[in-house]
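Undergrad: Sequence:
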Amino acid sequence: MLLNCHSYFSLRYGMIPEEELLKLCVQHDYHTIALTDINNTSGCLNFVRTASKYDIKPILGIDFRNGMQQQFIGLAKNNTGFQELNAYLSRHSHDKTNFPDQAPALENAIFIYAFEQLLKTKKESFASNEYIGITIKDLNRIRFSPLAKYDDRFVILHPVSFRHKKDFSAHRLLRSIDENTLLSKLSNFTTGEETEQILPAKVLEYHFKNLDTIVYNTEKLMDQCHIHFTFGDERQHQNLKLYKESEAEDYKLLTSLTYKALGYRYGNDINDKIFDRIASELEIIQKQNFVPFFLVNHDIVSYAKRKGYYYVGRGSGANSIVAYLLSITNVDPIELDLYFERFINIHRKNPPDFDIDFSWKDREDITQYIFDTFGKKGQAALLGTYSTFQHSAAVRELGKVFGLPTYEIDALSDGKYDPKKLDQLSALVIKYAQYFQENKQPNHLSIHAGGILISERPIHYFSATDLPPKGFPTTQFDMVIAEDVGLNKYDILSQRGLAKIKETLEIIAYNKPEAPKIDIDDVKQFKIDPRINDLIKQAQCIGCFYVESPAMRMLLKKLEVDNYLGLVAASSIIRPGVAKSGMMREYILRHQDHDRAKNAHPVLLDLMPETYGIMVYQEDVIKVAHYFADLTLGEADVIRRGMSGKFRGRDEFEQVKAKFFKNCRNKKYDSKITEEIWGQIASFAGYAFAKGHSASYAVESYQTLFLKAYYPLEFMVAVLNNGGGFYAPELYVHEARMLGGNILAPCVNHSQAQSVIKGNDIYLGMQSLNEIEEKTITRIIEARENEGDFTSLNNFLDRVAISIEQLTILIRINAFRFTKIDKKTLLWKAHFRLSKTQNKVPQKQLFQVDVKEFDLPAFETSSTDEAYDQIELLGYPLCSPFELLKNPMSKSVMSKDLYKHVDQDVIQYGYLVAIKNTRTSKGERMQFGTFLDQEGQFIDTVHFPPVAAKYNLSNKGIYKIYGKVVDEFGFLSIEVTEIVRMDLALR
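According to this note's numbering, the residues represented by the sequence shown are 1 to 987, in order.
Since the hints were derived computationally from the structure, they do not count as laboratory data. These numbers were taken from a predicted model, which means no experiment stands behind them. Any given hint could be a false lead.
Unchecked claim - In silico DSSO-like cross-links for lysine-lysine, where the CA-CA straight-line distance does not exceed 30 Å:
| no. | residue 1 | residue 2 |
| --- | --- | --- |
| 1 | K668 | K657 |
| 2 | K376 | K307 |
| 3 | K416 | K956 |
Required output: the full structure, derived from the provided sequences and hints.
TA: Given below as structure tokens:
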């Protein structure tokens with residue numbers, strides 16, 4: 001009877017989660033209902049998936065609206081009808097066109113027009129699949145309407161959008177947010193009605209007792225609709241089924257590509273273990289129907305190679321030797337004894353995926369290639385995701401709706417308020433912000449970080465699509481639903497690390513043309529290079545992929561990592577969950593004292609000897625669940641996935657969790673040990689890396705470490721040109737200086753848009769200047785390329801059209817220092833020449849025209865003025881910041897000498913580089929600081945809650961640090977007792 005139900009995926013309108021809607025229908029005795037969200041199909045597949053749990057027949061449809069004006073409701077007779085409706089919605093969504101009054105002629109769909117709408121459009125003829133929807137409020141008007149003669153077309157149309165009055169109130173707030181208006185000014189024409197709540201089935205029927213055929217018509221319509229998708233263990237393989245023309249041809253190609261690459265990957269070291277692994281993997285890949293999946297990934301990386309794009313294949317796919325031989329990944333699973341079953345096994349139900357990182361500059365072209373190659377028939381789409389209302393965003397939106405002033409909204413958003421002292425409106429803002437969060441209310445659709453679907457059927461078989469600004473169709477469901485229905489995603493991601501590698505090689509080619517040719521993929525040689533491994537051991541990794549952060553620098557020193565396998569482990573240990581569970585500290589203790597590993601449970605030590613019986617990788621969760629708790633591999637994988645949060649709370653996860661504890665009781669394990677091991681799993685399984693993923697990261701780390709070890713300045717320039725990394729650009733400038741670089745401010749004769757290096761001279765890029773315009777940079781470079789270097793300020797102004805504001809920026813940063821004229825004089829000359837008007841496009845002069853010169857007084861300049869100009873224009877000074885202190889520093893200890901003062905109180909002066917705020921187990925704020933001392937070496941500080949509460953550490957500057965030197969596993973830090981920001985000299 002319910003043909004027009006809205007879930008909360010009727011964005012900024014509906015309030016009911018799909019499963020809640022099904023529960024309501026059971027409570028009110030409905031057996032068939034239609035989900036018809038407004039211009040959206042996000043909830044459809046999950047609605048079908050969960051409907052069987054409540055013994056309800058699901059019908060799928062769409063409520064087609066122009067704004068809030070309902071045009072018609074489309075219901076799918078079958079899966080083909082759902083595809084037709086999705087395609088129709090997508091076409092209008094992509095083209096941003098309104099829906100007409102007349103529904104399209106779709107063979108496998110049914111359309112319902114609201115009685116009210118038909119009175120406006122005066123539609124007089126109806127196809128066999130078109131019906132008239134009658135609401136309760138329409139009943140008194142039917143007999144006097146020209147539509148009365150179409151009673152054989154009448155069906156019950158009772159919209160359901162809300163559970164109760166609070167939902168309706170929340171709905172009005174959502175509509176105000178969507179309309180960007182005050183709640184007090186919200187028009188009733190833009191909202192639903194409070195009556196859009198579910199009624200008991202018998203009550204709804206009773207309202208229509210005087211219309212003889214309407215109940216019959218409604219039931220007959222519902223009987224025509226049958227939708228079917230398979231999920232979970234029963235799901236069908238929905239991905240591209242053939243890469244070539246047949247399964248046999250595909251398998252032959254995969255086998256051929258795999259064995260052809262043996263020589264390249266293993267040379268003369270091929271043995272039976274390798275052959276056995278290949279045969280085993282190929283058998284499982286074929287049995288699980290993943291042959292096209294491997295061939296498509298191989299196709300993608302082959303295209304990247306042809307285009308000269310760098311990439312890294314990571315994730316659990318790195319556990320596969322076939323992937324390694326196809327060059328999808330660069331990690332040898334034999335070397336690392338990687339567990340292929342973590343990637344694919346006959347018990348694993350969810351589809352595998354490869355995470356392939358490309359340079360941020362190349363990813364869009366890769367995506368375009370995938371759509372051009374595999375999406376010609378509508379079979380490719382980006383994977384969608386949902387953005388839900390979080391506290392801060394909800395408070396800010398609701399604050400505007402209620403008309404609160406900005407300062408009050410800021411306080412509520414930041415949690416700086418006393419709940420007992422809130423006025424009525426502020427209390428309502430907090431109340432409904434919490435309600436949106438509790439309801440997991442979707443706010444808008446978004447795009448998955450890198451997921452692309454390539455299906456056997458058109459994507460519209462499963463979902464309508466949006467067309468975001470990037471121009472690629474995007475599904476309206478997320479990765480969880482994609483997996484549920486049997487769709488694999490191809491993760492095409494981007495990162496700046498690969499661009500740094502590529503650009504470093506380009507810079508080496510022009511700055512050191514005599515350098516030998518570099519094979520950056522020859523990672524085997526890098527792994528055994530003592531120069532590189534010493535950088536790791538000393539944690540001298542600034543700029544290097546994944547190993548430069550303060551936390552990683554600390555871990556590398558504590559573990560004294562000096563080899564590839566150690567770096568692989570560190571890459572996973574650093575993840576939040578391992579530290580949270582307390583196992584990072586235990587791992588370090590066992591690493592330094594191997595006898596301590598005997599404290600581990602014998603089964604765990606036997607399963608994970610190389611990590612001292614501690615779970616470090618995702619595979620370890622599977623091993624422990626399988627061997628320690630006797631779960632099947634499939635059940636163990638459910639636990640691994642459940643810990644990610646996406647699947648936690650689902651019935652299958654809760655069932656496997658219960659079996660874990662039951663099996664442990666049956667094996668007579670001490671309950672305390674069982675709880676402890678489950679706690680370890682729960683704390684980090686959602687964060688931990690697969691070992692192959694960590695290994696892939698370590699490979700890229702070694703590539704960047706090689707470049708830093710042998711071409712440090714060229715590497716640091718590439719780091720600067722690609723957005724830096726963990727730190728602000730200033731630290732990479734500092735690092736380049738420490739490595740021997742001569743750092744120079746932008747210069748109109750030497751600088752490009754990005755930073756360049758000439759010998760050891762590094763000219764910062766003009767684009768690093770605040771407020772410099774792209775067109776200014778382009779004009780300068782073009783003029784220089786066309787006619788050579790500039791010879792004077794007047795020569796520059798004769799050749800470059802520029803405003804006085806832009807010219808002032810260049811003069812203040814000393815970009816005309818080749819003239820040997822001080823900046824203040826140049827500024828006077830510039831103002832005389834331009835007089836606040838933009839310099840016109842220069843005309844070619846046959847003869848040099850003299851520019852009148854004025855006698856100007858001698859101006860005073862200082863290094864302090866220079867530094868402040870640099871701070872304003874670059875964000876940092878090019879001199880040592882310690883030179884800008886107002887008062888001299890007292891005696892202090894340098895970082896290189898801290899080892900002499902362990903457990904002693906010291907004073908250090910530090911320039912703030914980074915600060916990390918965190919919470920203790922009691923919820924108190926504490927901080928970790930990273931500073932530079934006067935010699936440019938790092939100072940690491942710990943600020944426990946009393947200190948963090950007393951001293952504000954947020955502003956950039958130089959601090960006088962008082963504290964005790966602490967040695968933890970060879971890593972020295974300062975436990976701060978007092979910290980004071982130093983005054984700087986004035987200009």
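Undergrad: Would you list, in rising numerical order, the hints stated earlier that this structure does not obey?
TA: Those not satisfied: there are none.
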